[in-house]
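Chain by chain, the residues:
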Amino acid sequence: MFATTLRHAFAVPLGAAMLMTAPASGLFAAHAQAMSTVLIKDFAFSPAALTIKAGATVTWKNTDDETHTVVGPPGVFRSSGLDQGDTYKFKFDRPGVYAYICSMHPHMKATIVVQ
Amino acid sequence: MPPASPFDPSRRGALKCLAFGGVGTLFVLSAGVLTPVDLALAASREGGAHGIPLFLQISDTHIGFDKPANPDVAGTLGRTIELVNAMPARPALTIHTGDITHLSKADEFDTAAQLLSGLNITEMHTVPGEHDVTDGPGAEYFARFGKASANKGYYSFDHAGVHFIAMINVMNFKPNGLGAFGDEQLAWLANDLKGRSASTPIVVFAHMPMWTIFEPWGWGTGDADQAMSHLRRFGSVTVLNGHIHQIVQKVEGSITFHTARSTAYPQAVAGVGPGPGPLKVPADQLPRMLGVSSVKIARHPLMTGITDTTLA
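From first to last, the protein sequence lines stand for chains F and V.
Residue numbering for the first sequence follows my numbering, beginning at 760 and increasing consecutively.
Residue numbering for the second sequence follows my numbering, beginning at 893 and increasing consecutively.
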């Protein structure tokens, strides 16, 4: 829900800039990237499931006073240790379902769905 | 309390909780019964194996942490080292049960090494905590401490007739969030123990608890039962862990399980709060919740004694 709202809101203030949404052609205006944020709070990823469009960047922000990491499938994405206030960004170019965990507290699980 | 040998097996009795100033109480385990012993009495005893604590367990130093729960972890580690250096009997070696650093950074490892070199115990053996390997393969940790295990993280050594086994359970987590040893390490353990006499005292140390203390917070090791199955035949097994920043103990037959305090910050008791994060307490209470443990292993009769000491 959050991601959808952001996409729509993003298109409006851009004015002349065109937000290309033609995944088949692979054309995206470089400055029209959708941004989505996942909060790491109280030993959980919030939202636990996030849907975005291919080409969007997700930003994780740790608000806990404990260190957390963002670890996706091997070789895909992995943050270093995130202290309180630290952020980590990853741009999802390929569609797919990406499950990830905090490698230090692996009961913390979440997903990014890239359309 | 009448003076008597702390290792006299005829001294049975109900467990009494005795406080000796701020130094701590030594509990001696004999044939499954814990008996408290005056620490001063034990330390003053003459002669080698009886009076001298065999080794020190230090844990969760978290060098690099600087949040309100303790803005000066280097300072509290320094005070811990002073406390250890002032102990009446010097342990022969130190075991660090992990989370040496907070964010696995090179400068944090440097600072930790510098501080720990202030211990008047020159021999130290380590296992990593999950905070030491946040970069995945643990490049920085293994660059410094990997030699003992050829970068595998698990190894064993002998000291004064006691067989020490270092294990790693922070690299392969189970889906339920518990730590794990993995099949290769378990096979190595079985092989390492094969043929050893059951009267050999064993000490196993690893970062995550080797029994399930509280699964929702990941306080346990998913395949620990397999490890314990190889250890049960031994007459004296001491399992030393860290990770939870508080002392929880369990005795199961000839096996004593013990988690140590941190020298950096305490954590909440299991289940109290959203998760196992740093617990902020009033400044005057903090030193009472930080500390170290010294462990004595006696051979005749086969017994373990653990002393937990706090900073204040």
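Treat the hints with care, as some may be off.
Straight-line C-alpha distance at most 20 Å; calculated EDC-like pairs for lysine to aspartate or glutamate [as the list claims (entries may be wrong)]:
#1 V:K1066 to V:D1027
#2 V:K1142 to V:D1117
#3 V:K997 to V:D958
#4 V:K1039 to V:E1015
#5 V:K1142 to F:D842
#6 V:K1172 to F:D842
#7 F:K868 to F:D824
#8 V:K997 to F:D824
#9 F:K848 to V:E1015
#10 V:K959 to F:D842
#11 F:K850 to F:D824
#12 V:K997 to F:D842
#13 V:K1086 to F:D842
#14 F:K868 to F:D801
#15 F:K868 to V:D1027
#16 F:K820 to V:D1115
#17 F:K800 to V:D958
#18 V:K959 to F:D852
#19 F:K820 to V:D1027
#20 V:K1039 to V:D1050
#21 V:K1044 to V:D1084
#22 V:K959 to V:E974
#23 V:K1044 to V:E1107
#24 V:K1172 to F:D852
#25 V:K1172 to V:E1144
#26 V:K1066 to V:E1076
#27 V:K1172 to F:D801
#28 F:K800 to F:D852
#29 F:K868 to V:D1075
#30 V:K1142 to V:D1176
#31 V:K1142 to V:D1200
#32 V:K1039 to V:D1084
#33 V:K997 to F:D845
#34 V:K1142 to V:E1107
#35 V:K997 to V:D964
#36 V:K1039 to V:E1076
#37 F:K812 to F:D852
Computed from the model, here is a short list of chain V residues facing chain F with C-beta under 7 Å [to be verified]:
#38 A984
#39 E1022
#40 T1026
These are computed hints drawn from the structure, not numbers from a lab.
In this text, a Cβ means the ideal position worked out from N, Cα and C, and glycines have one as well.
**OP:** Please write out, lowest number first, the hints stated earlier that are contradicted by the structure.
**Re:** 5, 9, 11, 13, 16, 18, 22, 23, 24, 25, 28, 29, 30 and 38
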